[in-house]
Structures are given as structure tokens and as C-alpha cells.
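J.: Listed here are the chains, written in short residue letters.
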Amino acid sequence: MKALKYLRVLVAACLFALVTLFFLGLGGGFGLLEKIQLVPALLGCAFVPLAAWLAITLLFGRLYCSMVCPLGILQDLLARLARPFGRKTYAPRPDRASLRGAVVIAFSLLVALGGAALASLVDPYSLFGRIASELFQPVAEWGNNLAADRFGVDGPLVFFKREILVRSASGFTVAACALALLALLVAWKGRLVCNTICPVGAILAALSGKTAFRLAIDPEKCVKCGLCSGVCKALCLDGRNQTIDNARCVRCFNCLGACKKGAISFTPVRAGPLDADGVADPRLRRLATGLAGVAAAGTVGSSLCVLDKRARPEATLPPPGADPGKFRRLCTGCGLCVAKCPRKVLTPAGLTEYGPLGFMMPKMDFTRGFCDPNCTTCGDVCPTGALKPLDRVAKREGKVKIGLASFDRSKCLVCTEKEKMECGLCARRCTQKAIELKEEEITVGDDRRTVKVPTLVAEKCTGCGACENYCPNHAFTVKPLG
Amino acid sequence: MNSIHQTCLTRRNAIGGAFAAGLCLGADRVFAAGDTFSDASRPRLRPLPTDGKTPIPLLGVGCAEKFPLRTRAGGGGKEADQRHAAEIIDFALKHGVIWLDTGYGYHGGQSEPFLGRTLKKYPRESFILSTKMPTWMVKKPEDGPRIFEDQLKRCQVDYFDFYLLHSVSNKSDFERVYEKMGVLDYLIEQKKKGRIRHLGMSYHGKSDFLDEVLTKYEGLFECCMMLLNAMEFTWNKDGPNLPKVAVKHHVGVLAMEPLAGGRAAGMRGEALDILKKVHPNDSAGRWGIRFAASQPGVMTVFSGMGKLEYLKENIETLSENFKPLTEEETKTYQEAMAVFMKNPSIPCTGCAYCVPCPYGVKIPQIFAWYNEWAQGGRLPSDKEGDKNDSQDLRRRFLASYYNKFKAQERADRCLACRKCQVPCPQWTFRISTEMAKVADLVAHVEEVYVKKGGVIR
Chain A
1 MKALKYLRVL VAACLFALVT LFFLGLGGGF GLLEKIQLVP ALLGCAFVPL AAWLAITLLF
61 GRLYCSMVCP LGILQDLLAR LARPFGRKTY APRPDRASLR GAVVIAFSLL VALGGAALAS
121 LVDPYSLFGR IASELFQPVA EWGNNLAADR FGVDGPLVFF KREILVRSAS GFTVAACALA
181 LLALLVAWKG RLVCNTICPV GAILAALSGK TAFRLAIDPE KCVKCGLCSG VCKALCLDGR
241 NQTIDNARCV RCFNCLGACK KGAISFTPVR AGPLDADGVA DPRLRRLATG LAGVAAAGTV
301 GSSLCVLDKR ARPEATLPPP GADPGKFRRL CTGCGLCVAK CPRKVLTPAG LTEYGPLGFM
361 MPKMDFTRGF CDPNCTTCGD VCPTGALKPL DRVAKREGKV KIGLASFDRS KCLVCTEKEK
421 MECGLCARRC TQKAIELKEE EITVGDDRRT VKVPTLVAEK CTGCGACENY CPNHAFTVKP
481 LG
Chain B
1001 MNSIHQTCLT RRNAIGGAFA AGLCLGADRV FAAGDTFSDA SRPRLRPLPT DGKTPIPLLG
1061 VGCAEKFPLR TRAGGGGKEA DQRHAAEIID FALKHGVIWL DTGYGYHGGQ SEPFLGRTLK
1121 KYPRESFILS TKMPTWMVKK PEDGPRIFED QLKRCQVDYF DFYLLHSVSN KSDFERVYEK
1181 MGVLDYLIEQ KKKGRIRHLG MSYHGKSDFL DEVLTKYEGL FECCMMLLNA MEFTWNKDGP
1241 NLPKVAVKHH VGVLAMEPLA GGRAAGMRGE ALDILKKVHP NDSAGRWGIR FAASQPGVMT
1301 VFSGMGKLEY LKENIETLSE NFKPLTEEET KTYQEAMAVF MKNPSIPCTG CAYCVPCPYG
1361 VKIPQIFAWY NEWAQGGRLP SDKEGDKNDS QDLRRRFLAS YYNKFKAQER ADRCLACRKC
1421 QVPCPQWTFR ISTEMAKVAD LVAHVEEVYV KKGGVIR
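Those protein sequence lines, which keep their order, are chains A and B.
Residue numbers for the first sequence follow this note's numbering, beginning at 1 and rising by one.
Residue numbers for the second sequence follow this note's numbering, beginning at 1001 and rising by one.
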């Protein structure tokens, strides 16, 4: 039975590594693991993974939480990393089923209202995505750059240096706070997050009360020593009372290894009087939870209204392939497209770009680069379908319109510099040859001169942002279509 | 010591020779030898052919653009530069390198006044000073005398040992300025007054016109400065004839740009290996100086030496022990030069007068980077079967570029505003044109690399 624990660790380590590496820029074809995450699969109506999770959960319980959920594995990793500072002994905790129910309802409501991105602040996959793209990626890039310096370009390995980015203050703050909070909660009460505010945990818990395989304590072998409770990070195992709450159990199987008497087993269900059936909350507690939920919803709602007034979604440029109908509805702001964008164009939005409901959704920012006509990465990797896969040929041929450039003459150096100068960099760098230089006689101060002024051919412009990126004086800005 | 040399001297618009510091940083590293300079070294002396007695040293100091006079952006203030330049002159005079050659427009007109200030402390007979009449600046007859008087004042001297007609290259200009405007008559008059000791010219034209002028004014011109380097000889098949014409008329040959603006000293890779096989300890610079000094009738080789080491090495090369290149050695040198020139480089010398670029492009660094790849024969190629047609090389090439330069510093950011063109002392290329070529090359290599399945990140 102990082998189950090692199997769990092995699977979790492999999947976690693959998901993380994909975020960090490695692993060509492994976008699949992001697409089978529960919330993305739910939003994207991916029936195969949903059916698989339903079946697996009904059979074995919340294997997902320990082996697939990257945030869950990250918590286990944090606990493991903290072990040298003292091994944590957990104590069982009564169930808070009503809180989980409230979380699922609030989450669903917010998603239904078009706030998937905001709701996904508590989606474990999206939260992990932000941590990976905003915190892990810079570290990985720093390591990559060290390697690039170490090996040079004549060595056996050639590394391309990458810019170490903190893309936006809001993205970094969210990720840093989330990681810090997570670490604190792990140190305090193990997988507390998974059985309180995590909507995925709540959904899976609802399915896991009566699974085919369950953890059970053999009362004949059990000596009520409580060792198993000490290692149960889901806080669902009460060894002294010989009860296990299978709904909250994340199937880490640590208890199997901890029991010296071999009294705990993971077996097809036997009628077990010792199996705690989701202990019900006392009525008063349920009332308090409900009131707290209403208060929280009120606070969030009113602040949303305030922030919404400052939002300028009409001036914010969404990624290429953003389906106008689906983008706002399905994007969870996981940051995968942001992390994978090879030209570093995509950036997580703050509270005002798309409005508060679009917090952390990706937007185009051409300060670091422009959208490569040959690149379709964002559409390819999007796990929810908020960004539709782009046609490679159409994108290359300029048939995918991202936005439309606008030219501000008063900032063009050719039109304003005291000394006559030639430039035309925008025309040379335009990926669609949509900027033409037209000779024009202009007056600057007292000087009358003929210069070549950029003129935009709107039909050809795709809004790739090369002009905005290259113009040293910001004469070009790309604006959203329509 | 070792490594790089530079030549200086004459060229139109005072853009004159310009030499390789940046280009040759690599070379410094390649030949790290100990300082073997003997303080007793002096350049060999040869008599002026027209009088057979005036001793002329085989090495001269060129005070054009590579002479370390100008304030460089990003290092050293104006005063520091001038102090350094003065040190080089002091060292040169102390070691018998007594001919200093300048020009009216060198260093934006700062070269002559600088020499005037620096040489004031030396007795007039202890050095040989030459400067030139800027032919292209003479628009009307009065310009000649005005400029000449100005030059005497700037140099704080009563006479010039040698006075050259700057950049004579064709019949029409020569006739217009020196004959019709009477500038040559004026200079002959000055010579009679003793304000010019010897007349000469710096010549950039064809050998037949040189023959014509020297025949017409037989005995008037006592020296003629010309481009003597193996690079020039490959471009200009008439080049080797010039010193022969001069010898025919008993005119002393002055070699300018023995290292082609320092480019010849930047030889590396395969080309350098050919030279190293013959003389393992000799730098490409030494070979170039010897090549120039081995041409017929050479009286003095001028080099614009930006560092004391270059001066020391040149003194040693052209000392009493100087041996002209043997036929075998000449062949070896030309062979190496041919290999070197197969991979054309951008003739940027890394002087960095162009920086800072208002838009942040790292001009000299980008050219140095390009030259390193070009001269090493490692530019990626699309030609099938070419040894440089490889994804591995493309990856290394692109990584080298992207890792060295941040997005805002790269060639593709050049607006071609040409603000850098004003201070650039080079005349053989335009920064913005070359920058566009580098940007296009990188873009093309990347395109091919990606098309063939390469990944940039």
C-alpha cells in the first residue's frame, strides 16, 4: 500500500514539471496538460477530459488534487521545502461544507456574469499560471542567461539570452501575494486552501463522498496512535476517532505510509460505519458563513462598480484571435499566452484596462516587441478557447486583423525636427508594407522643406505594432478595431 | 607591444587615414608578447634623393584622424586625449621619429594648432614638420595664400620643412587650382623666401598623370605621398606603378596608410595563420609596415599611431635592422591579404566618434561584431554546399548578435537620420547604409533559420 504514495509522488512530479516547463518556455507539444485542467475544461466545454475526471473521481476520489492540479502540487512542494525547518504535524479539522458550497455558487455566478478572469483569482490552475509566468519565468530566464554567458556561442550549447521581465505591476503583485499567502497557509494548515476557497476542490469534494475506492481504517489493527492524523495535510483524518472524510481527502496516501500497523487501506468500498459521511455543519455556523458570503459579495460588487467607471476596454487591444464573444467570457487570465508570447507583446491587464472583471486578462503592449506575422502561439496554447487557434497562412498573409495603427503627425520626427531629417523606419519595419512614404512640402518654424511623410494604408494594416514598437517618438499607436 | 598600427595621412576632407583601434582589440589579445622595446632603437635614416644628404627617418608620425587627439565619446576627456597625444610625440622625437605630418583639416582643424602648442618647446631644427594645401578648399586665388599664412600661425613656425599639395588626383583640379589660380606659383615664391624648404604632393590619381606632372615640373617636387598597402594594390592595379614613377623622377616616396586605415592590422583567422606560419611572432601590423617600406623608393612610412605600443613596434620594425620583404614573403603577405579580403568587412575603425547615437544604436560595437564574423569567414550563407550553410552556424550567429545587443541597441533601430555621419572620419562607407545591411543580413539569417525549423528561444 505504501507504493501508492510513491506512485502519487512520481506522477505528480512528472506532470508538475511538464506544466511548469511549458510555462517557462520549454516543451513544444505539451500544451495538452493545461487544456485538461478542470476549470479550463469546464469553460471550454471539453467533454473528454470532463468525462474522464468525472469517472476517475467517482472511482478513486480526488486524485486530481494531488497528481494533476499544479497549485496542489506546488503546495506539497512548499511543505516539502519547509521540512528542514521542522516537520509539520497536522491536526484534523471539522468540515466546512457550507463554505465550499458558497464558493462554488459565487464562482459560477461570477463566471456567468462574464467575470471568468476575476473569478479565476481562486482557480488553482490560473493562479498557478500567474505565479509561473510572473515569478518562475523571470528566475528561469535569469538561469538561462547565466548559461548563455557561461557557454558563449562557440561552446557545445548555444543559449539565447532573454529579457528578465516584470511585465506589469498588477501581475507581479497578484502572483507574489498569492505565492506568499499560499506558503503561509501551507505552513499553518496544510492543504487548507483546497478545502475552503478552491472551487475545483469544492466540486470534486461533492463528487467524492461515496467513491468506489475509499480510504478506510481497520479498527482491529488500529491502535488509535494518531500518527496518520499527523501526516494528513487535508486535515480530514481523525485517527483517534478512527474517521476519514473521503470528500476532503486529496488522495496523497501519506497516511498509508505513516501507519505502522498497516491499519489503513485504499480499497473498494466496504460498508464502513467508520467512514465519516461529510459531517454536517452546525446550523449557526452555516448562517454565519452565509452572512459572511453576502457581506463579501457586497464589498466585491461595490468596488467593481467603482473600478468599472475607470475602465477603458475600448482602448485596450486584445490578443490576436481573441474571439469577441468568447474572449471576455472564457479567459481566466492564467497567463499562459503571456508567458509563451515569443516577442513579449502580451501583458496581463490591470483593473482598468478591460475593467475589473477582466483583471489579469492578456492585452497587447508593443513596448518590448511587435506581433510576429509568423506566430500563432497565443491561439495555439489557450486552454479555454478564449483565443481561437489562428490560421498560420492567414496570419502570415496579413488576413488576421489585430487592430489598426493610427499616425500622429505631431510626433513624427520627419515632420517636426528642427533640422531636416530622413527617417522612414516605420515604413521599412512595417510587416505588411502598409506604410508608404509620400513626398510633401511642409513648414517647420521658418523652414520650408520637402520631406517623406509616412502615410498609412488602412486596408493593409493588421495592427501588428511594428510601427509603434520601432518609432522612437511614439508617432504610431495601434488601436482596437471597431 | 605588438599588434596594431595605424597609418595616418592625407585624404580628402581631412577624413584621412583612420585606423583600427576597436577593430583590432582582438588582435591585441592574439599576440600577447612581452615588451621587448630597446630604448636605443631608432628608425633607419635615408638621404633625401634630391640632394643626397638630408637624412630622413624611415618612420614618420601621421597626425590625422587616428592620432589620439580628439575627444572620444565614452572615454577620456579632451585634455586627457591631448596629453596622451603629446606623450606620443615626445616619445617619438626622443627616439628619432622626427617627421610629423599634418594637414589643414585634420581633426576638424585641431591637428595643426595642437602640433604648434606641443612642438613649441623643441628647437625648430630638431623636428621635421610637413603640412598640406587643401586643394578642395581653394575656391578662389586668395584662398591659397590665406590658408598658407593661417597654417604657419597655427603651427607657430616660420617655415615648413615639407609642404604638400593635398590630394592631387586629376588634371582638371590640378590645373584649376595650382596653375590657373596661381597657387603653385605662390608656393614656389614661398619656397624662395625660405618659408617652405621642400615641395611635394600627396597623390591619389593614376600613374600616367603623376608621370605627366612630375615631367612638367621636373625637379620641383621632392617627395610624393601615396597609398602603399596590399589592400589598395588589390583594388587598384595601378597602385604599384606609382612609386616606380616617383623613382623615375628621383622623387622621394612617402607611404601613407601602410595598414589601410588599420584594417590590414586587423587580419585574423585563416589569413593570420598564413602569416604566423612564416614568422610566428610578427603581428599583421608589422607585416603591413614592412610591405609599405619595401616598395621602391620609399623614404618614409607614415603611421597614425594611437598607442605608444604601436609607435614602439614601428620603430623596431623600421630600425637599422629593417629588412625589406623578400619575394617569398611578399607573395605570402599578398596571399594572406587575398584570403582576408575574401570576407569583406566594414571599414569601421572603432574610433567611436559617432556615439552616442541619439536612438541608442551601438554603432561601433555592431560593426566590430559584424567584422569579427565577416573576417573570420563565418557569415551564414544560403548557398547549398557552402560550409557556412548550416543551421548550427545560423544559431550561433543569431545568438551572438541577440545576446550581445539589447533590442534598442540593434541595427534595425537605425532611423538613418545620419547624425552620426558628421563626426565619422571614414569616407569609404556610410554608417546608416552599412547599418541597414547588417539589419537586413540578421533578418535574413533569422528568416532562413526559422524556415528551416530553427527555434530562437
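Calculated from the structure, these hints are not laboratory results.
From the three backbone atoms N, C-alpha and C, an ideal C-beta is built for every residue, glycine too.
One or more hints might be untrue.
In silico contact screen, one side only, chain A against chain B (beta carbon under 7 Å); selected entries [to be verified]: (1) Phe151; (2) Gly155; (3) Leu181; (4) Leu182.
In silico DSSO-like pairs for lysine-lysine, Cα to Cα no more than 27 Å straight-line [claimed, not checked]: (5) A:Lys401 x A:Lys420; (6) A:Lys460 x B:Lys1451; (7) A:Lys433 x B:Lys1387; (8) A:Lys161 x A:Lys5; (9) B:Lys1437 x B:Lys1387; (10) A:Lys452 x B:Lys1153; (11) A:Lys260 x A:Lys221; (12) B:Lys1153 x B:Lys1171; (13) B:Lys1451 x A:Lys401; (14) B:Lys1419 x A:Lys161; (15) B:Lys1451 x A:Lys433.
J.: Could you tell me which of the hints above the structure violates, numbers in ascending order?
T.: 1, 2, 3, 4, 5, 7, 8, 10, 12 and 14
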